[in-house]
Amino acid sequence: MIQLSGLKKKFSSRLAVDDLTLSVPRGEIFGLLGHNGAGKSTAIGMMLGQVWPTSGEVKICGHDVTSHRAQALKKVGAIFEAPAFYDYLSGWTNLEILSHYTAPTSRERIREVVEWVGLTGRERSKVKTYSHGMRARLALAQTLLPQPELLILDEPGSGLDPEGIAEMRQTILRLHRELGLTILLSSHLLTEVEQLCTRIAVLNQGRKVFEGQITEVKAARQRVALQTPDFAAATALLRERGLISGADGGRFISLANGNSTADVTRALVSAGIAVEGIWQHEQTLEDFYLDLVKPPPLPANKN
Amino acid sequence: MLLAQLKNELWKLFGKKRTYIGFGAFVVVQSVMLLMFKYTKWQSHFERMLSGNGYLATDYISALTVAVVMLWPQIILLMPLYVTLVGGDLVAKEAEDGTLRMILSRPISRVRLLFVKWLAGIIFAAVLVLALGVIALIFARIYFPWKGMFVFGQTQTDSTFGLFPANEGLVLYAFAHLFMAMNAITMLSVAFMFSSFNMKPAAATILALSFLFVNMVMQRVPFFEDYRNWFITHHFECWFLVFQKPVPWARIFESESILLAVCATAFVIGSTVFYVRDIKS
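First to last, the sequence lines map onto chains E and R.
Position one of the first sequence corresponds to residue 1 (our numbering), numbered consecutively onward.
Position one of the second sequence corresponds to residue 304 (our numbering), numbered consecutively onward.
Hints were generated in silico from the structure; no laboratory data involved.
A portion of the hints provided could be inaccurate.
As the list claims (entries may be wrong) - Simulated pairs of lysine-lysine, BS3-like, Cα-Cα distance not exceeding 30 Å: (1) E:Lys74 with R:Lys548; (2) E:Lys126 with R:Lys450; (3) E:Lys128 with R:Lys583; (4) E:Lys128 with R:Lys450; (5) R:Lys319 with R:Lys548; (6) E:Lys74 with R:Lys310; (7) E:Lys128 with R:Lys548; (8) R:Lys341 with E:Lys128; (9) E:Lys126 with R:Lys341; (10) R:Lys396 with R:Lys548; (11) R:Lys319 with E:Lys10; (12) R:Lys503 with E:Lys128; (13) E:Lys126 with R:Lys344; (14) E:Lys74 with E:Lys294; (15) R:Lys548 with E:Lys126; (16) R:Lys320 with E:Lys75; (17) R:Lys310 with E:Lys8; (18) R:Lys320 with E:Lys8; (19) R:Lys310 with E:Lys75.
Values in this document were obtained by computation on a predicted structure and should not be read as measured data.
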């Protein structure tokens, strides 16, 4: 559905997106993860033909966005952070106006979508009277009108209260389940991505630093939490015996291939180092993400 | 589709309260001017001018005469202000509010979007001028009789002293508004061009007004007398030429062609800049 290859965007001297290659197959909920300013919105802008790439290629539904934008975006819907509407007009008129930029849309279709998003009864009210949640629903309605196959959501949970975020999450899952939409979700909310997406890509300073399945993230580095009065002595011993491949955070060890927590416990106890606790620690997306975007350590001062 | 999109642009434009500021201002100013004409020495000055030239003042102090008198300050001061206000908003306000990003996530080409917006702007400018003319005439008719038309005025190159029977006067009045609409469309196109750049709506309006102001000032500088044709405000004066006898149609045609070319150029520059720019939040 989405194919980015070697995508680069430079704003004067600042490189916003650097050599981004990405592929989102049909039917997937794909998460684009990154902190503010990582290049997510610029990448989405390039997917929608709003930002011109400096180099590289963007294909949506098999069509090049730069040269065949109309074809490429025919079956695409998008929602942005803090969706903007003509506040002085009614929700219905807003839907009519926005849908006509894609294709003529019947009143029945608008009614159907209004009902689907749960705005029935308020569609004739002016948008300025809508709550944040209702605006989010109206944004969803306008994306659904042209019967899209791909939905691009740029920080959809931004500005919503916890209840609104939960509702948005359920709606996204419903869209995927009931309408079979492919969804690209950009967010810096890790829990949101973790709960919704099947695959993710992580952007950091415009570069993709990871792309893979969420399950891969969790299995990427199985770490073991070790609670002992002298972590440094324990890890030195375990290293010496070749039982671990690494240690970090004063709390975690990575087991060397073929070794188990039982081997580690046995080695420590026999050496007289007390083991207060040892357990498999499943890495969260947050741990994984923070590891990825962690700045490299400063070079040691030689003086 | 184009018609549906144009209808939507008009919905957006005429749904905003600020679109009506110009109409409201015309009503207020015309009422004030009308009262001033009726109750100050302004009217007696006109009567003296007519009788000094051997005409009966009572035959020509009419609704049509007063309507034309009221036009001058409004088309020099108010019309540019309100037309550029709306023209400067057309694209820049949508970019500022974020609705432009919503529109451009849809499969409409940027040039087509701009064209539809420009057409909506043109309709607004024409409607504003029409309203200006009709309101002036209706208000003037409340206080003055329907009689012959007397037109007196001076542009930089021509002076006009015309007396017309009521029916002929009405036709000329309508013609004058046709050319005034072209002036308004040109002003709007200039503001629209600036609005297509990456700038705030107020900046687009101010730039367009400055452009018009600089044209007006330079046109009046004696040094540029031979280059008058290069200033668009010189061509704006041709609405008044319809009251000359004989009507200098060649000069009017020339000015209107130049204004048309200015509109087209402004649209081409605006759409080119809009096409190449990045639309970001």
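Hint-by-hint comparison with the structure:
1. Between E:Lys74 and R:Lys548 the CA atoms are separated by roughly 58 Å; this puts the pair beyond 30 Å, and the hint is violated.
2. Using a Cα cut-off of 30 Å, the hinted pair E:Lys126 and R:Lys450 is violated, with the two alpha carbons roughly 48 Å apart.
3. For a cut-off of 30 Å, the pair hint linking E:Lys128 to R:Lys583 stands: about 23 Å separates their Cα positions.
4. For the hint linking E:Lys128 to R:Lys450, the alpha-carbon distance of about 51 Å lies beyond 30 Å, and the restraint is violated.
5. For the given pair, R:Lys319 sits about 43 Å from R:Lys548 by alpha-carbon distance, which is inconsistent with the 30 Å threshold.
6. Our distance criterion of 30 Å between C-alpha atoms is met by E:Lys74 and R:Lys310, whose separation comes to about 22 Å.
7. For the hint pairing E:Lys128 with R:Lys548, the CA-to-CA distance comes to about 55 Å; that exceeds 30 Å, so the pair is violated.
8. Restraint check for R:Lys341 and E:Lys128: not satisfied, since their Cα atoms lie roughly 45 Å apart, outside the 30 Å limit.
9. Under the criterion of a C-alpha separation no larger than 30 Å, the hint pairing E:Lys126 with R:Lys341 is inconsistent with the structure, at around 45 Å.
10. A distance of roughly 45 Å separates the Cα atoms of R:Lys396 and R:Lys548; the hinted pair therefore is violated under the 30 Å criterion.
11. Annotation: proposed proximity of R:Lys319 to E:Lys10 is violated, straight-line Cα distance about 37 Å (limit 30 Å).
12. For the hint pairing R:Lys503 with E:Lys128, the CA-to-CA distance comes to about 22 Å; that is within 30 Å, so the pair holds.
13. For the suggested pair E:Lys126 and R:Lys344, the alpha carbons sit about 50 Å apart, so the restraint of at most 30 Å is broken.
14. At roughly 39 Å between alpha-carbon atoms, E:Lys74 and E:Lys294 are farther apart than 30 Å, so this suggested pair is violated.
15. This hinted pair does not check out: R:Lys548 and E:Lys126 have alpha carbons roughly 54 Å apart, beyond 30 Å.
16. Proximity of R:Lys320 to E:Lys75 is assessed by CA-CA distance (about 35 Å); at most 30 Å being required, the pair is judged violated.
17. A C-alpha spacing of about 38 Å is found between R:Lys310 and E:Lys8, which places the hinted pair above 30 Å, so the restraint is violated.
18. For the hint pairing R:Lys320 with E:Lys8, the CA-to-CA distance comes to about 42 Å; that exceeds 30 Å, so the pair is violated.
19. Among the hinted pairs, R:Lys310 with E:Lys75 is consistent with the structure: their alpha-carbon atoms are about 24 Å apart, no more than 30 Å.
In the structure shown, a violation is registered for the earlier hints numbered 1, 2, 4, 5, 7, 8, 9, 10, 11, 13, 14, 15, 16, 17, 18, in ascending order.
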